[in-house]
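Enquirer: Since the structure of chain A is provided, determine the placement of chain B on it from the hints.
Listed below, chain by chain, are the residues.
2 protein chains.
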Amino acid sequence: MAKNKQNMIDLNIKNVLSDKIGLRNGIERRVLNDHLKKYGPLVGEIFKLKDKPGYSFLKLPDNHGGVEKIKKFANKQKKMKWESIVVLGIGGSALGGIAVRDALLGPYHYLKKKTHLFFLDNIDPDDVSELFSSIKFEKTLFIVISKSGGTVEPIALYNIAKKIFVRKKIKNYQKHFIFITDPKKGILRSIGKKEKITMFDVPPDVGGRFSVLSEVGLVPAALAGIDINALLKGAKKMREIIRESKPLVNPALILAVLQYLLDKKKNKIMTVMMPYSNCLFRFSDWYRQLLAESIGKNKNSGPTPINALGATDQHSQLQLYNEGPENKWFIFLHVLKHKNDLELRAGLPKEIGFLNNKKLSELIDAAYIGTSEALAKNGRPNITVLVPTINAEVLGGLFTLFEFQVALLGLLYKVDAFNQPGVEESKIITKKILLETP
Amino acid sequence: MAKNKQNMIDLNIKNVLSDKIGLRNGIERRVLNDHLKKYGPLVGEIFKLKDKPGYSFLKLPDNHGGVEKIKKFANKQKKMKWESIVVLGIGGSALGGIAVRDALLGPYHYLKKKTHLFFLDNIDPDDVSELFSSIKFEKTLFIVISKSGGTVEPIALYNIAKKIFVRKKIKNYQKHFIFITDPKKGILRSIGKKEKITMFDVPPDVGGRFSVLSEVGLVPAALAGIDINALLKGAKKMREIIRESKPLVNPALILAVLQYLLDKKKNKIMTVMMPYSNCLFRFSDWYRQLLAESIGKNKNSGPTPINALGATDQHSQLQLYNEGPENKWFIFLHVLKHKNDLELRAGLPKEIGFLNNKKLSELIDAAYIGTSEALAKNGRPNITVLVPTINAEVLGGLFTLFEFQVALLGLLYKVDAFNQPGVEESKIITKKILLETP
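Note that the protein sequences, when read in sequence, are chains A and B. Just so we're aligned, residue 1 is where the first sequence starts under our numbering, counting upward by one. Just so we're aligned, residue 1 is where the second sequence starts under our numbering, counting upward by one.
In isolation and in its complexed conformation, chain A is listed as follows (with noise of 0.2 Å):
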């Protein structure tokens, strides 16, 4: 376990041991030790496939050029006085951006006069009918983001929306929008040219789900005034944290064997990812692609990741956790310090006496304590990711961190964790369909 220093993310994981849980549904202190020290040297090697495709996702902390490009871009738009940015993209061009904006904007930035960044990934009839029809496109920039460029549902809304904009009679519309896409391939790249529309280039060896940290998550981030430095800042201090520790304290490390042994020999088959904070719920939703799309890749492998959230699922999902069939593990993300901390007053009736004078942030915290520790008493393996508090620099380390732990898992469970062959069936009966009506 990393040791707990101030302004670190840090590891807690002693509801995991045997020694606490059980031998049932634990694991023991010594075979976990003795799996950190064989699969150790996998860390190296990984940082040694940092030039081949996928695992290139390591090297985006240093692209420095790209980022005083787009921080000039954002600089230049702020005069536009954009009302809302509008993203255009589905899956690993949106889960990353959408953790970004919640856990920095926070879940109610809307409620706020300041810029609205909304991620438009679907292509739900009612649901865009009504986002268009609330904003004025006047005021509005919209980012198409497709890895490929050949993305269905982003391209099908550009489409709408340049309709719309050509409808309203609104000139320079390209001036409303970016695309982020290959730098050479793809419908979307020629398109750009032809209508001159500004463009960025998604590195073409990072796979979509890993790309947060490149301009498909960077870009709308700067636009809606995040400090990007700060979250390419935290990731590199992720990245030398993972090089540099040692097997037994290297959190990258223990996390991914700890996924592997639980799934693999405690039959640990869903792995629930529950922060204790509404601003980093989107953060496990983004994961959630991340394992599930990387690792769940035949009928051996591929654990089920869910979203819980702290401590509304209190009162939705723990009956299920606590007394229902033991094939699952946890992972809390328990955040040290809050940015804002609201106190209740003295005086309460008797029954609630304990609530007296106490903040909300020490509910929360007891609530989570109550929560694991309860676990742990029904042999309910979890572990905590000490956030120390929520800001760029912490999240950009978060996303380093378990990104390189599923690049692990790709190794431990032996796939190719940057391919997603299983989804192409789908796509050819979908476009099957509508080739086939007028």
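Careful, some of the hints might be misleading.
As the list claims (entries may be wrong) - Straight-line alpha carbon distances no greater than 27 Å define the calculated DSSO-like cross-link-like pairs of lysine-lysine that follow: (1) A:Lys20 - A:Lys79; (2) B:Lys162 - A:Lys112; (3) B:Lys169 - A:Lys112; (4) A:Lys136 - B:Lys136; (5) A:Lys112 - B:Lys114; (6) A:Lys162 - B:Lys350; (7) B:Lys171 - B:Lys69; (8) B:Lys162 - A:Lys339; (9) B:Lys169 - A:Lys432; (10) B:Lys350 - A:Lys114; (11) B:Lys169 - B:Lys185; (12) A:Lys359 - B:Lys81; (13) A:Lys52 - A:Lys236; (14) A:Lys69 - A:Lys168; (15) A:Lys299 - B:Lys377; (16) A:Lys184 - A:Lys162; (17) A:Lys76 - A:Lys246; (18) A:Lys112 - B:Lys299; (19) B:Lys163 - A:Lys112; (20) A:Lys168 - B:Lys81; (21) B:Lys432 - A:Lys350; (22) A:Lys76 - A:Lys265; (23) B:Lys14 - B:Lys237; (24) B:Lys350 - A:Lys184; (25) B:Lys162 - B:Lys175; (26) A:Lys264 - B:Lys299; (27) B:Lys71 - B:Lys193.
None of these hints come from the bench; they were simulated from the model.
Expert: Here is chain B on its own, set in the frame of chain A:
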């Protein structure tokens, strides 16, 4: 399978049958029919139990007196011109209301200049601080909901909200609160009496997760301008369909028997509910509590509900669903008629020529068919709930359909569907921690 009638909720179960998806994962039609006949009498039994605790959710649609009182109250509140209505409740006190709001007001209702309906269902200090600093307390009505009257989270939030009213020197702050709680017992009831706050009763025999069609869901809905009579009308209609349908075509029985058989005979231990509609996403979250907390009772009883969103999660979870372990089944919610639609232009690049002049509804429908058929090809059982359109009446029917399914599942799994003993331990530890900190 129930007959497909216009404007009626219906099921399509062909992708679960062995003649379509194979015997390893599919259910033989004969086996299904035998089980439907065998368990058919349970439907009548549940109707007989409607006066017993828990089962009395079945009587909620008949609560005419309550409805008139709610409507009268909502009508009177109109002159207050509330800008924000904030529900303070958690679990069953929030999830039904959120499902109603998102389905009928849409996920973007905040962007329109009407009354905003918030559900504050967590005690995250950052989240609460942000909402409380974004709304005008002078223009805010708080609805505090706790069935037992002793739930810590909403009481804590009430307490903080009251403190802010006092600090802001807003007169008659009592007028800014409504309590919905047990008619006699509990802390909230006694605070309400003392403070002379308007109170509505939660029928004491109805469980929180079955309470959406009681005052718990109806009061916030009515205040937000939703037609609560239509909600109840749809519930009654569905109740009659369930009461009168023969076993082989009874939708609630089919849903229950399939869940049971797929879990017990085919090891589909996870139930993925995947609406192809953003408006219905939080309906699946409501169902997630209903299934998990009602049936997750011991090591042999506890299907794990999972929420997914179509088409979005095709780009996140479909790889795992199609090629990963064969441990899931899928319930799609397919909306037949959307309220709005948008059309693409003609003359698109030839690679995407199949999108020329297509409507978004055609795109999302094709995506749903592509996914359900790809899953079937891969031997992954899935069914579809055909949702004629999204309105209050249909939504009332959907709630009733799945509540009845879960009541049936209690009998099939031989567990008490209406208790939740597994959440106590966490509460005890939490309270102990709070008592021990000064």
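Enquirer: A separate judgement is required for each hint: does it hold in the structure or not?
Expert: Here's how the hints hold up against the structure:
A hinted pair counts as satisfied when its Cα atoms are at most 27 Å apart, and Lys20 of chain A with Lys79 of chain A does not qualify at roughly 58 Å. With a C-alpha separation of about 23 Å, the suggested pair Lys162 of chain B and Lys112 of chain A falls inside the 27 Å cut-off, and the hint holds. As the CA atoms of Lys169 of chain B and Lys112 of chain A are separated by approximately 24 Å, the hinted pair is consistent with the 27 Å bound. Between Lys136 of chain A and Lys136 of chain B, the direct Cα distance comes to roughly 25 Å. Compliance with the 27 Å bound is thereby established for this hinted pair.
Of the pairs offered as hints, the one joining Lys112 of chain A and Lys114 of chain B holds, with about 16 Å between alpha carbons and a cut-off of 27 Å not exceeded. Proximity of Lys162 of chain A to Lys350 of chain B is assessed by CA-CA distance (about 18 Å); at most 27 Å being required, the pair is judged to hold. With a CA separation close to 26 Å, the supplied pair Lys171 of chain B and Lys69 of chain B stays within the 27 Å bound. Taking the CA atoms of Lys162 of chain B and Lys339 of chain A, the gap is near 22 Å; set against the 27 Å cutoff, the hint holds.
Using a Cα cut-off of 27 Å, the hinted pair Lys169 of chain B and Lys432 of chain A is violated, with the two alpha carbons roughly 65 Å apart. A distance of roughly 40 Å separates the Cα atoms of Lys350 of chain B and Lys114 of chain A; the hinted pair therefore is violated under the 27 Å criterion. A threshold of 27 Å between alpha carbons decides the hint, and for Lys169 of chain B with Lys185 of chain B the separation of about 31 Å lies outside it, so the pair is violated. Distance hint between Lys359 of chain A and Lys81 of chain B is unfulfilled; the C-alpha atoms sit about 32 Å from each other, more than 27 Å.
Between Lys52 of chain A and Lys236 of chain A, the direct Cα distance comes to roughly 19 Å. Compliance with the 27 Å bound is thereby established for this hinted pair. Straight-line distance between C-alpha atoms of Lys69 of chain A and Lys168 of chain A comes to about 32 Å, which puts the hinted pair past the 27 Å bound. Our distance criterion of 27 Å between C-alpha atoms is met by Lys299 of chain A and Lys377 of chain B, whose separation comes to about 15 Å. Using a Cα cut-off of 27 Å, the hinted pair Lys184 of chain A and Lys162 of chain A holds, with the two alpha carbons roughly 23 Å apart.
Note on Lys76 of chain A and Lys246 of chain A: the hinted pairing is violated, with a Cα-Cα distance of about 45 Å set against a maximum of 27 Å. Between Lys112 of chain A and Lys299 of chain B, the direct Cα distance comes to roughly 47 Å. Violation of the 27 Å bound is thereby established for this hinted pair. Between Lys163 of chain B and Lys112 of chain A the alpha-carbon distance is near 23 Å, which keeps this suggested pair within the 27 Å criterion. Distance restraint check for Lys168 of chain A and Lys81 of chain B: the Cα-Cα separation of roughly 33 Å exceeds the 27 Å cut-off, and the hinted pair is therefore not satisfied.
Distance restraint check for Lys432 of chain B and Lys350 of chain A: the Cα-Cα separation of roughly 15 Å lies within the 27 Å cut-off, and the hinted pair is therefore satisfied. Of the pairs offered as hints, the one joining Lys76 of chain A and Lys265 of chain A is violated, with about 55 Å between alpha carbons and a cut-off of 27 Å exceeded. For the given pair, Lys14 of chain B sits about 25 Å from Lys237 of chain B by alpha-carbon distance, which is consistent with the 27 Å threshold. Between Lys350 of chain B and Lys184 of chain A the CA atoms are separated by roughly 18 Å; this keeps the pair inside 27 Å, and the hint holds.
Proposed proximity of Lys162 of chain B and Lys175 of chain B is supported: the alpha carbons are some 11 Å apart, at most 27 Å. Note on Lys264 of chain A and Lys299 of chain B: the hinted pairing holds, with a Cα-Cα distance of about 19 Å set against a maximum of 27 Å. This hinted pair checks out: Lys71 of chain B and Lys193 of chain B have alpha carbons roughly 22 Å apart, not beyond 27 Å.
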